[in-house]
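Taken in order, these protein sequences are the chains called R and C. In terms of the working numbering, the first sequence has 20 at position 20, counting the first letter as 1, and numbering is strictly consecutive. In terms of the working numbering, the second sequence has 126 at position 126, counting the first letter as 1, and numbering is strictly consecutive.
Some hints could be false.
What the hints assert, rightly or not - Where chain R lies over chain C, by a calculated footprint (3+ residues, C-beta under 8 Å): (1) 95-107; (2) 133-144; (3) 159-170; (4) 229-237; (5) 272-282; (6) 323-335; (7) 372-384.
Just so you know, the hints here were simulated from the structure itself, not pulled from any lab data. Don't be surprised by glycine CBs; every beta carbon is placed ideally from N, CA and C.
Protein chains: 2
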Amino acid sequence: MKKTQEFIATNKERFLEELFELLRIPSISSIAAHAPDMQRAAEWLKAKLEKAGVDRAEIFPTDGPAIVYAEKIIDPAKPTVLVYAHYDVMPTDPAELWTSDPFEPVIKDGKIYARGADDDKGQGYMHVAAFEAMVRSGELPCNVKFMLEGQEEIGSGELTKWCETHKELLAADIILVSDTSMLGLATPSITCGLRGLAYIELEVTGPNRDLHSGLYGGAVANPINILCDMISESIDKDGKITVPGFYDNIYEFSAEERAEIAKAPFSDEDFKKSINIGDIQGEKGYTTMERKGIRPTFDVCGIWGGYIGEGAKTVIPSIATAKISTRLVAGQDFKRITQLLTEHFERIAPKSVTIKITPSHGGVPYIAPTDTKAYKAASAAIETTFGKKPLPFYSGGSIPIISTFERILGIKSILMGFGLDSDAIHSPNESYQLDCFYKGIETIPYFYKEFSK
Amino acid sequence: MKKTQEFIATNKERFLEELFELLRIPSISSIAAHAPDMQRAAEWLKAKLEKAGVDRAEIFPTDGPAIVYAEKIIDPAKPTVLVYAHYDVMPTDPAELWTSDPFEPVIKDGKIYARGADDDKGQGYMHVAAFEAMVRSGELPCNVKFMLEGQEEIGSGELTKWCETHKELLAADIILVSDTSMLGLATPSITCGLRGLAYIELEVTGPNRDLHSGLYGGAVANPINILCDMISESIDKDGKITVPGFYDNIYEFSAEERAEIAKAPFSDEDFKKSINIGDIQGEKGYTTMERKGIRPTFDVCGIWGGYIGEGAKTVIPSIATAKISTRLVAGQDFKRITQLLTEHFERIAPKSVTIKITPSHGGVPYIAPTDTKAYKAASAAIETTFGKKPLPFYSGGSIPIISTFERILGIKSILMGFGLDSDAIHSPNESYQLDCFYKGIETIPYFYKEFSK
């Protein structure tokens, strides 16, 4: 990949200028008025891919923003890498907190500031640049397909449908995605896991109307008290979730895997300071990194009932409600967990109340084992450019489309992201380190090389 | 009291007409525009008391509605009954639910319909009528004082201050009050207890900002979960409140007293049906009547935190809050209970959160022992007119001014009310049974007679 790296070194300025062109298009998927910008971004990408050297580039219209597909098949016998990225961005509000125009990128202190600088225009465009470098240098070692969508920030609904009907077109050995972060520039990492989600609303109804807490209090089950009991009963003192069957089939990490996770530079003290908490708390027997990455959770995301205005009102409300999120890890199926939660709450609810459970949405957890060819290729590529073997990182968040790819296309993804937590994605003044942008472009060809061996 | 009863029988129609005059005055204390009506009601009462035969009647201005004071001292050596009532009424909204003008009383199905028909113009005016009957018949057996206020529905603030500065004027052996209900016309009762109240707001703060439940979930104490734990931990499975010291010095009812309470016609099945609950629930070892009358409670009256809009938001909130009401019974001091609650929550809060407790307001519980001269007099009087011995009734609600009288004036009250639960006080279409109105007027003279023995 010597020629490829030389090509990258020579074309750095141009790549950055091209990224700036893309960043200037305000492709906000959640705001209908930006539909023409979505189309403009899709067309810009198609043109850029054609210039970069694909055999075929096509815009697939959908009921939402278009999907850009492109491919270069050099030899059907060789492996195929399917690159996924998204060209839509989040809205920019609160606008007044931006220190420069979100759609007029500027460089400051070695960072690109713009909406989408990291997520995911910056990270996505690295793949177009790296592809061009390999093609122009005659070093492309395998087949490449691109699948670029404009709906990631609003749920990838159209892409999901499109994948269902284009399975053959999308046939590949691996999906390569740069839409995640590293632990740090000095601590490269590969995201190996994403948590899933089962989210329900639990409504507890007591008496058929609000009652006077003096005249009835003590003789009637108060739905707020009962809801609190039911929530409290669902996790024990050791932070273990008591829902029967909840931990069944869960993927238990080996001592070796946990030792790898523990290598990440992480300090409980710094963590506590960063969010101003007096103490950490979580499942017994696991570290903070493990608790937020590889273990499931039971969190109430919202609760309400009774009088919530100023002052005091002495009322026993008729209804109390909670929104409950359980984050899931490998081995847990969100539909089954939703069922277990439902049965659990129905079982522990006293006869003095009735309950109603409304499942909201779910997400499948994702895990990328570290002993695969793709992981090893990404690891070797990063070690080459960063001079350090990357650590496996298990993120507590979810990128639902990744599980969707596995489910529909039957293809695993490798999450080789180059962002940093400090990039403020989704927030005002989103940025992307120039170092990350360039290191990313340099790293990608090594992945192709290793993966094609 | 033969002549008195004859006088009452002869003057029934006039008493009703006079009550109607009072009911036509829209003396709503909570609406400033009705201040002239308040004054009109006070002057009407003063004139009526003068006509009824008091020695002295006076309007005491206050910073709110006036207080009407009147007295007839027949012999300083004889006992003195201090009659308390209030001439202010609740607002009438929602106005559209009234089937007749709230300030134009009508008789329908043996009931007077009007705002204040029961609470407390109807019940209060019985005392003026009974007094007149005794005076005109030459059968008044003791001294009488009247203290009529216009602020009961908004907290009796001015009366409280006025009592402080008129202790000598108000010297009496008993305060006689008709502002409560009976179990039924066929089940007369005397209200012997009112519960007190300690009301606090408990705020739990976790991280210094809302966090993403995916990226942080499992590693950070969720303030909603913690709040639920703390609430749940405050009552055990037997419905016992676990706050240390909570039950100290509580008045424990004797087997005899509990047997009296059990005589009230009360059915758990009917109770369940009336509020559509699947089961009753409360403190182990006590009946429903006892749970809502003579035992303290721990009820969450309001709770809120996190995302409470439509759909799902995956957030660990920074703050969760609950409004907690504890109803108190004889022996419990609301200031001490507030202190105990504060210490309890501070002790059980984990180090992972901080808490803030804001006491809202409190009320002193009140108990009228059944072995006093006043209780026995009321019991005998009611038995004479209703043909049945009244049952002691312990109400779960609160009438704060009753405890205030005991605290400031050192005088016990006897709650000889003639209302019924079906009177819909504070609601549209408030009514008062004609039977109750007349039986009340007839009963009062017997109380005077028995109490003066």
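Outcome of the hint check:
1. 95-107: violated (count 0)
2. 133-144: violated (count 0)
3. 159-170: violated (count 0)
4. 229-237: holds (count 5)
5. 272-282: Coverage by chain R holds for the stretch 272-282 of chain C (8 residues, Cβ < 8 Å).
6. 323-335: Check passed, 3 qualifying residues.
7. 372-384: Check failed, 0 qualifying residues.
The structure is inconsistent with the numbered hints 1, 2, 3, 7, although it conforms to all the rest.
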